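Listed below, chain by chain, are the residues.
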Amino acid sequence: MTEIEEQLFQANQEREKIVLKYTIGRKNQLVDYWEDPDFGLHYKTDRYGFIHTEDLPKEFDEQEKKEKEIEIQRAQKWLKMVKNWEKFVPLNREKLYRRIYKGVPDKLRRNIWLKMLKVETQMKANEEDLANNKPSVYNRMLQLGYKYSTEIRQIDNDINRCFRDHEYFRERYSTKQQQLFNVLVAYSMYNMELGYCQGMSTITAVLLIYLNEEESFWALNTLMVDKKYAMHGLYIVGFPKLMRFLAHHDRILTKFLPKLKKALDKHNLDSVLYCLKWFFVIFVERIPFSLVLRVWDVFMLEGERVLPAMAYTILKLHANKLLKFKDMDSITEYFQYKLHKNFGYSDNYVINALQTSMSELRAKKLDLPPPAESNEFPKCELGTFIEPSIEKKLGLRSSIFSETEKNVTDLVITRSEENGNDLDIIDENQDDNISNLNTAGSTTPIRRFKSMNSLNTATSIATSVNSISSEFNQNDVDDDISENEYEIVESTRL
Amino acid sequence: MSEDFDFLFKIVLIGDVSVGKSCIVTRFKTGNVFTERHTNTIGVDFSMKNIRIGNKNIKIQLWDTAGHERFRSITSSYYRSAHGVLIVYDITKKNTFLSLQKWLTEIRSYTANNVICALIGNKCDLTEEREVTLDEAKQVCELVPEILFCLETSAKDNTNVENAFTRIAEELMNRQSCINDDHDSNNIKLGQSKSVSNGCNC
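Residue numbers (my numbering), protein chains in the order written: chain D, 3 to 496; chain Z, 621 to 822.
By construction, these hints were calculated from the structure, which means they are not laboratory data.
From a predicted model like this one, the values you see are computed outputs, not experimental measurements.
For glycine and all other residues, C-beta sits at the position ideal for the given N, C-alpha and C.
Hints are supplied without guarantee of correctness; some may be wrong.
To be verified - To spell it out: a stretch of chain Z is covered by chain D in this simulated footprint if at least three of its residues, at any positions, have a beta carbon under 8 Å from a beta carbon of chain D; those stretches are:
#1 664–670
#2 692–705
#3 741–751
Claimed, not checked - DSS-like, lysine-lysine: derived pairs with alpha carbons at most 30 Å apart:
#4 Z:LYS776 with Z:LYS676
#5 D:LYS46 with Z:LYS649
#6 Z:LYS676 with D:LYS23
#7 Z:LYS722 with D:LYS408
#8 D:LYS268 with Z:LYS676
#9 D:LYS367 with D:LYS343
#10 Z:LYS669 with D:LYS264
#11 D:LYS381 with D:LYS136
#12 D:LYS408 with Z:LYS714
#13 D:LYS328 with Z:LYS669
#14 D:LYS149 with Z:LYS714
#15 D:LYS395 with Z:LYS676
#16 Z:LYS722 with D:LYS149
#17 D:LYS381 with D:LYS68
#18 D:LYS70 with D:LYS29
#19 D:LYS23 with Z:LYS713
#20 Z:LYS669 with D:LYS323
#21 D:LYS136 with D:LYS117
#22 Z:LYS722 with Z:LYS776
#23 D:LYS326 with Z:LYS649
#24 D:LYS79 with D:LYS67
#25 D:LYS268 with Z:LYS669
#26 D:LYS23 with Z:LYS776
#27 D:LYS261 with D:LYS343
#28 D:LYS19 with Z:LYS722
#29 Z:LYS776 with D:LYS408
#30 D:LYS326 with D:LYS343
#31 D:LYS326 with Z:LYS676
#32 Z:LYS776 with D:LYS343
#33 Z:LYS722 with D:LYS394
#34 Z:LYS713 with D:LYS343
#35 D:LYS340 with Z:LYS669
#36 Z:LYS649 with D:LYS328
#37 D:LYS394 with Z:LYS669
#38 D:LYS230 with D:LYS104
#39 D:LYS381 with D:LYS149
#40 D:LYS268 with Z:LYS649
Excised from the complex, chain Z in its bound form (with noise of 0.2 Å):
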């Protein structure tokens, strides 16, 4: 059963310590039910799910990260392979908004450049609390190339998780969708380099 999958992909979750890691992870593993009372994650923490987008298996591989700062270290030797990572913050908490850039820089050293990120609010549920409007995070958004979209979430209520993932899902399987194309076929990357030097002739 495991095996029968036409994707693999890699997500990493970063962000600052109890902005909701690993209750994103339940909750997009277990769907409907969020019971579990966490335990803090010391290191890494790995586990899947598989999803179906389209007529395609993908798997997910969820690598849940320490968010305190003494296990950076070690966390970040795991973004290296990556194919996403989800930099999750607290909405209620502005604080783990404004490390966003440090958690980029920790991106940068440490993932191959062609990691794709999306920047997680979580606790949307909260919403007497809100330190960050959605706005600013997608002022952010644009500001910043790597991340392709940012998403508020809940993780208590179920909100917008599992479109967190399928989300980056789909991108990943869409640029590998390309690679195999362009190594795979040499029709399609005959017919595709066609129509990129027709444009370049123009």
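Just chain D, with the same shape it has in the complex (with noise of 0.2 Å):
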């Protein structure tokens, strides 16, 4: 055996040995104590299935309740509109669209999601193979991606950490973990141009709170390939959409809360570093659930024009806290952390503010950036076998950057240098700031040593330092550089 096929013998091992544990699920193995996140004894489920150590605040469990009464009221309406789904909706469309708004009662969210997403439209196509006694495409991808899937690693590493802290995905192989881990698999086999990318398994689990295995697949499909929400693009190597978005997203900003971007730029803080999240998961895990669920619902019903808005939105409603940090660790944490947590405002008012945000920005034409390029859409047709490079097999890095690659790397540094620049600007001018610039200590050589860094130009601190030490290495060869230049210190502050 040739050292390749060595190593593609083991990568398809290591393949299989990860499928097994899938299939045969958590009852039929023994899966290590420590593989499941310990609750201890004490632990509320909320209603969505998240678990929570600590005491929720009452106020949670008075809105919950509330939400519940107001909910059953709602129910009737959307009883009889998901009925007659077809016949009701082309008609009523303003109806529709404000009952959305209003909120979706939780238990016909699935119904409603399967509607919005073509699901069951989607599954009709099957029947056919069904009648004929073929396996669905569905299990038909499944089959294919368990012998062939290249992302089935990273699907798993990523299954392991995704929603351990809900009852569905708490234990290690469970069945919504299997399944979970099925329709990751079956589309990366489905679409291989895309494959998977992280971001997916989240969007997928939200989806599989409410949807089966199959129609989680459809949904998944419908999200990434259907033009109104064309998450495809997100995804794919060279990120397109996202760069699409993130320069619509600043150009929001600079129109709409300049001084906020202002105050952004000023703390570095470009907004790949908070929208990306929020995009490519759809707010998930940086507002709380029950306030994504409700922007998923909107998104559903507007597509891709939400994620701009729900941005925007975030952003003016918290922008005079925001402008009140004085660093850039603050602000983050505040993105990352606290709006997850508890983001100030109730579910009802964001989505009114929501749509005003949409309005406003529709009214100014500035809803949706400039339309994609056919690079975000897929080339191939979907379910087209597509051989993967022998790297992808092995499981390897790839050691070469693509052009795209390339691209969006100097994309993203020319940005945070857009932001550097005014920095320095901010940095000359205004001196009583400076305390203020994330990048920027508060003592003036750590100010140096940044530009240096940053800029790239000067002699770099490592010559500097380089030059000083070869010199003293002259005087004793033996020391390694480190501690040569330790002692240079010493003996400089001496």
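Dock chain to chain to rebuild the complex, using the hints, since each chain is given by itself in its own frame.
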């Protein structure tokens, strides 16, 4: 066996091992105790299935109760609507819009999502196969995926980290974990240009809270390739859609929240740092889950325009607070954790604000960025087999950055450099603000260090250190470099 | 409070998927508590911690990057302004150690050339499943000039986690003091050049 063949053999074995664990499931294997999160004996599950070990605030319970009451009242209307969806919706679009913004009863969310994401229509197309005793597209893709998907290791890794605080996903190889694995593996086969990208596991897990396995597969497919959502372009190598939407987000900020934009730039907080996660998982784990669901409902109704509108809404609602923060750390912590734990506004309030944002943006023709180019959509027909590269088969990182990848890196660097340039101007003119700048420390030397570093000009520190140390080396050749430098510092201090 | 520091260092964590980068960050941030389970890091997560070395307050910015290859075009843009890089591998997965070469290539293409790196072998509590020995790591360390030291950590047992950051911060602090002195104090600069020229003349 050649070396490559041996590596391929090992990669295959690893894949088979992972597949086996998911196919036999939790009951038929020993799962190490540390594989599952331990919530202790006292925990509470909220209405969406998430586990909380801390006592939830009373108002949370109260709010849940109230919501449930309102939902029961609304459920009747919704039930009627869902039953007659195909007839009702085209004639009553306004009513549908109004009702979705008001809030979908959680019990009917499943039916509504199935309708909005055209799951049933896609599955109907399968019926012919089933009638002819052929396995459904989903099952065929799944079986192929078990054998050939190069994404299995990554998918397995991500399932291990996905919603482990949710009752469905907390146990390793639980039924829902099995389903999550299957849907992602099958989809990585069905849409091989996309394969699998982090973020998709979170999206699929949310779908699986409401839908079954095969339904989730088709719902995921709609979100990826339907022009209304087109998340395919968000996840593929080079992230063309992400880049387009980030640029648009910046445009919106410049127009509507210039002061905040300036403040964020000043802290060197490029929007890629917070928007990437917002867009990739449609705000999951960045805002409370109850609000996520409301945003998802609106997203399914309105499509991709909800992404920039919601990003704008979050910033608008929290602008005053964000403006008060004195450093980048506080702002990112606010984005990453605080807003998820407590958004500070009721879900209804936020959804109203979102609606207002959408009309505001539409009025200025800023509700959507310039249209996508063809590279954001699948080129091959879905279900087409594309031979993976040998590195992919072996599960190794490819050593060379593709042109697309290089362009993205350059683009992200240019973005932050533009912020950096602003920073330099501020640096010179507004000395009193300097302590607030994240890149600038409270002491002048650090600032110099940083600016040398980021501009990549001037003699780099390493060169100056090395030149000293190399000269120093002539005195004391045997010592290793780092120790030398240490000694220089010591001696210069004396 | 947060502005009350003498040094600010930006440290980026890189390494293959699931080697425990985010666990190391959390452990470092929370000290003795290890309860959080991690979600996958999409793109880059940012956090920070203040530490004290000697009589200096040091603020460490932690840039925790996604290990998923697809994100490298984005994460690599964050290496550029880093002062220090922790290259993390999993001692129970040889593959993650073998990726080192590729991580180095990425570092070399995208960082400033003064960046310092440390090689961190995480999950050292799982001794029975070990696939990479410390000696192997040390050998690599000697061959690669950017890597200052290697260390095995366990984010789970809280072994060496703080140590890893302290060592890299110390090193950066020393270098920075060196530069500060070089630029800001003529006396010291003179003194230094004198000693160096003495050396040369000998």
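Does the structure keep LYS230 (chain D) and LYS104 (chain D) at a Cα separation of 30 Å or less?
-> Holds. LYS230 (chain D) to LYS104 (chain D) sits at ~22 Å (cutoff 30 Å).
Pairwise hint evaluation, LYS649 (chain Z) against LYS326 (chain D), where the allowed Cα distance is 30 Å at most = holds, 24 Å
Compare the distance between the alpha carbons of LYS268 (chain D) and LYS669 (chain Z) with 30 Å, and conclude whether the hinted pair is satisfied.
-> holds, 21 Å
Below or equal to 30 Å on CA atoms is what counts here, so check LYS408 (chain D) against LYS714 (chain Z).
-> holds, 28 Å
Given the proposed pairing of LYS149 (chain D) with LYS714 (chain Z), does the C-alpha separation stay at or below 30 Å?
-> holds, 24 Å
Restraint status (C-alpha distance of LYS23 (chain D) to LYS776 (chain Z) at most 30 Å) | Within the cut-off at roughly 24 Å; holds.
Distance restraint between LYS268 (chain D) and LYS649 (chain Z), which requires alpha-carbon spacing of 30 Å or less = holds, 26 Å
Given the proposed pairing of LYS268 (chain D) with LYS676 (chain Z), does the C-alpha separation stay at or below 30 Å?
-> Given that 30 Å is the threshold and the Cα spacing comes to 26 Å, the pair holds.
Is it true that the CA of LYS46 (chain D) sits at most 30 Å from the CA of LYS649 (chain Z)?
-> Since the Cα atoms of LYS46 (chain D) and LYS649 (chain Z) sit roughly 27 Å apart, the hinted pair holds (cutoff 30 Å).
Does the structure keep LYS381 (chain D) and LYS68 (chain D) at a Cα separation of 30 Å or less?
-> With Cα atoms ~48 Å apart, LYS381 (chain D) and LYS68 (chain D) exceed 30 Å; violated.
Below or equal to 30 Å on CA atoms is what counts here, so check LYS394 (chain D) against LYS669 (chain Z).
-> With a Cα-Cα distance of about 37 Å, the restraint between LYS394 (chain D) and LYS669 (chain Z) is violated, given a limit of 30 Å.
Does LYS713 (chain Z) pair with LYS343 (chain D) here, judged by a C-alpha cut-off of 30 Å?
-> violated, 35 Å
Hint compliance for this structure: hints 3, 6, 9, 15, 17, 18, 29, 34 and 37 are not met, and every other hint is.
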